[in-house]
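As they're listed, the protein sequences go chains X and C.
With the first letter of the first sequence counted as 1, position 26 gets the number 26 in our numbering; the numbers rise by one all the way through.
With the first letter of the second sequence counted as 1, position 72 gets the number 72 in our numbering; the numbers rise by one all the way through.
Don't take every hint at face value.
Cross-link-like lysine to any residue pairs, in silico, SDA-like; alpha carbons within 25 Å at most [to be verified]:
{"hint": "1", "chain 1": "X", "residue 1": "K124", "chain 2": "C", "residue 2": "A79"}
{"hint": "2", "chain 1": "C", "residue 1": "K124", "chain 2": "X", "residue 2": "G82"}
{"hint": "3", "chain 1": "X", "residue 1": "K124", "chain 2": "C", "residue 2": "G82"}
{"hint": "4", "chain 1": "X", "residue 1": "K232", "chain 2": "X", "residue 2": "H244"}
{"hint": "5", "chain 1": "X", "residue 1": "K124", "chain 2": "C", "residue 2": "L81"}
{"hint": "6", "chain 1": "C", "residue 1": "K124", "chain 2": "X", "residue 2": "L81"}
{"hint": "7", "chain 1": "C", "residue 1": "K256", "chain 2": "C", "residue 2": "D245"}
{"hint": "8", "chain 1": "X", "residue 1": "K232", "chain 2": "X", "residue 2": "E150"}
{"hint": "9", "chain 1": "C", "residue 1": "K124", "chain 2": "X", "residue 2": "T80"}
By construction, these hints were calculated from the structure, which means they are not laboratory data.
Fair warning: this is a prediction, and the values are worked out from it, not measured in the lab.
2 protein chains.
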Amino acid sequence: MITVLSGGVGAARLLRALCLVLDPGEMTAVVNVGDDLVLHGLTICPDLDTITYTLAGLGNDELGWGLRGETWRVMDELATLGGAAWFRLGDRDLATHLYRSQRLREGATKSDVARELCDRWGVKIRLLPVTNDDVATVFDTELGRLSFQEYFVQHRHDVAVRSITFEGAADARPTAEVLAALRDASRIVIAPSNPLISIDPILQIPGVREILENRRDDVVAVSPIVNGAALKGPADRLLLELGHDVSPLGVADFYKGLIGTIIIDEADAALAERIGSHGIDVRVTTTIMAGPGNAERLARAVLS
Amino acid sequence: MITVLSGGVGAARLLRALCLVLDPGEMTAVVNVGDDLVLHGLTICPDLDTITYTLAGLGNDELGWGLRGETWRVMDELATLGGAAWFRLGDRDLATHLYRSQRLREGATKSDVARELCDRWGVKIRLLPVTNDDVATVFDTELGRLSFQEYFVQHRHDVAVRSITFEGAADARPTAEVLAALRDASRIVIAPSNPLISIDPILQIPGVREILENRRDDVVAVSPIVNGAALKGPADRLLLELGHDVSPLGVADFYKGLIGTIIIDEADAALAERIGSHGIDVRVTTTIMAGPGNAERLARAVLS
Chain X
1 MITVLSGGVG AARLLRALCL VLDPGEMTAV VNVGDDLVLH GLTICPDLDT
51 ITYTLAGLGN DELGWGLRGE TWRVMDELAT LGGAAWFRLG DRDLATHLYR
101 SQRLREGATK SDVARELCDR WGVKIRLLPV TNDDVATVFD TELGRLSFQE
151 YFVQHRHDVA VRSITFEGAA DARPTAEVLA ALRDASRIVI APSNPLISID
201 PILQIPGVRE ILENRRDDVV AVSPIVNGAA LKGPADRLLL ELGHDVSPLG
251 VADFYKGLIG TIIIDEADAA LAERIGSHGI DVRVTTTIMA GPGNAERLAR
301 AVLS
Chain C
1 MITVLSGGVG AARLLRALCL VLDPGEMTAV VNVGDDLVLH GLTICPDLDT
51 ITYTLAGLGN DELGWGLRGE TWRVMDELAT LGGAAWFRLG DRDLATHLYR
101 SQRLREGATK SDVARELCDR WGVKIRLLPV TNDDVATVFD TELGRLSFQE
151 YFVQHRHDVA VRSITFEGAA DARPTAEVLA ALRDASRIVI APSNPLISID
201 PILQIPGVRE ILENRRDDVV AVSPIVNGAA LKGPADRLLL ELGHDVSPLG
251 VADFYKGLIG TIIIDEADAA LAERIGSHGI DVRVTTTIMA GPGNAERLAR
301 AVLS
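The task is simple: from the sequences and hints, build the whole structure.
Printed below as a string of structure tokens:
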């Protein structure tokens with residue numbers, strides 16, 4: 001049994017890669033909820049949905065997010081009404097949010113809904129939101145305080161960030177399933193998601209960091225930074241703005257005390273020795289999951 | 001200036017008919033909110049929307065509800081997820097509910113949203129929800145307690161009703177605009193909507209009934225019952241089950257003390273004398289708004 005701390009796209013790809021070499025029934029993803037939002041009255045869980053759609057084989061490869069075969073009837077109409085249409089919700093995608101929102105009103109938890117959607121779509125990896133309590137990632141920026149989606153979507157993460165906080169995290173409780181999945185896993189993997197805004201809001205939930213500290217020899221992280229840049233999203237810029245090294249070294253330092261091993265890309269092989277001197281084992285392989293060959297090689301490195 | 005107490009379809013048709021003979025800028029509709037519901041996290045106001053869509057010329061004539069040119073992508077997908085798809089929300093219609101729900105979260109009132117949607121669609125009649133407080137029409141039935149939409153849509157109003165209550169009505173406040181529209185109108189019209197479930201929840205909002213009682217000579221009702229039957233919906237069955245006469249006489253008695261005049265259909269001309277003996281003026285005309293000729297004749301009767 002392995003457990004993967006997961007953000008959105010990067011984690012979804014790693015989980016898909018792991019399915020090439022491991023029975024999905026032996027995997028659990030503990031998923032960030034700091035990006036979750038309520039918009040138009042709908043509760044939206046972007047990371048959970050990205051993983052679910054990707055693993056179900058329903059991901060929209062052209063867009064890089066959302067569902068394939070998507071249409072935009074509701075959003076087009078909402079735009080003509082003058083509504084807030086900047087956060088694009090496709091018609092198929094909306095059904096997910098309507099379903100979740102109604103189930104939550106009926107008393108279900110986000111964990112329940114994640115399980116129900118996985119069952120519906122035949123996703124065998126267990127997806128666990130790290131908590132069923134409300135956590136909101138908030139950015140203090142040059143433009144003032146921005147919610148996650150204001151920062152990420154409305155401003156396309158093109159705004160300088162001074163600090164990041166996770167509102168509600170200190171009072172949130174990890175679910176019992178999450179604690180058990182972290183304690184019982186033979187290996188804990190930190191996906192190549194953004195350390196600062198995808199993984200940190202998981203680590204900030206009381207109890208999670210402590211388990212990793214106690215089990216650091218069983219924890220392996222995959223660097224999301226390759227050759228000084230993020231494969232996707234603002235991880236590179238945020239690391240720089242918040243005083244970290246924009247390299248696997250910066251990532252390793254950010255996870256210091258929590259991980260025994262980091263997997264870095266061949267492009268960064270020259271950094272292996274320096275990272276190793278920080279007391280972290282380093283594995284060098286192809287971390288860019290372009291094509292099934294590379295994906296399988298990375299998956300084997302994660303599990304070896 | 002005239003003010004029309006309004007439910008959904010019947011009221012929408014009467015308002016459209018009145019536009020044939022009166023400047024829409026001189027009309028206000030005070031609209032029932034007892035059918036309103038929160039479903040999938042979305043705040044839905046069926047009567048306000050039916051009137052808005054009809055007056056905007058966007059009504060779906062085939063269905064008799066919703067928007068023309070409607071598609072069902074979200075609902076179809078929701079059904080495959082096992083979601084609650086019994087309350088059919090078209091893709092275009094959903095945009096209205098997303099818009100309203102977001103605006104309410106931002107602090108707007110239902111009144112604000114009604115005005116914004118009318119502005120957007122060029123509807124000149126002023127539409128006022130009777131209150132911005134929550135009111136819920138609830139049915140005590142042979143199957144137990146049912147919400148409005150459970151009764152109306154899920155059970156297709158094919159279940160015996162023992163009593164109807166309007167939860168929240170006693171504590172709700174009519175808006176200042178509603179009170180002014182009722183006090184200042186030269187005439188108050190009660191649309192041919194269901195007296196028991198469309199008009200009564202308006203009358204139950206504290207202050208509304210009193211204004212009508214004080215102005216009863218200026219109040220005219222259009223009977224929704226013609227020849228012993230409702231033109232649409234369960235008004236006939238409900239009148240019977242709750243001990244009223246299923247005729248314009250039963251309607252006139254229900255509104256006793258509130259109206260000075262009732263307009264009944266030619267099919268019920270024989271009842272005019274009996275109703276008149278109850279101290280209510282009776283006008284006989286065509287109340288079925290089939291075609292613009294009939295609609296205009298009814299409108300002139302209402303205004304004369």
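Here is what the structure says about each hint:
no., hint, in the structure
1, X:K124 x C:A79, "22 Å, holds"
2, C:K124 x X:G82, "18 Å, holds"
3, X:K124 x C:G82, "18 Å, holds"
4, X:K232 x X:H244, "18 Å, holds"
5, X:K124 x C:L81, "17 Å, holds"
6, C:K124 x X:L81, "17 Å, holds"
7, C:K256 x C:D245, "13 Å, holds"
8, X:K232 x X:E150, "18 Å, holds"
9, C:K124 x X:T80, "18 Å, holds"
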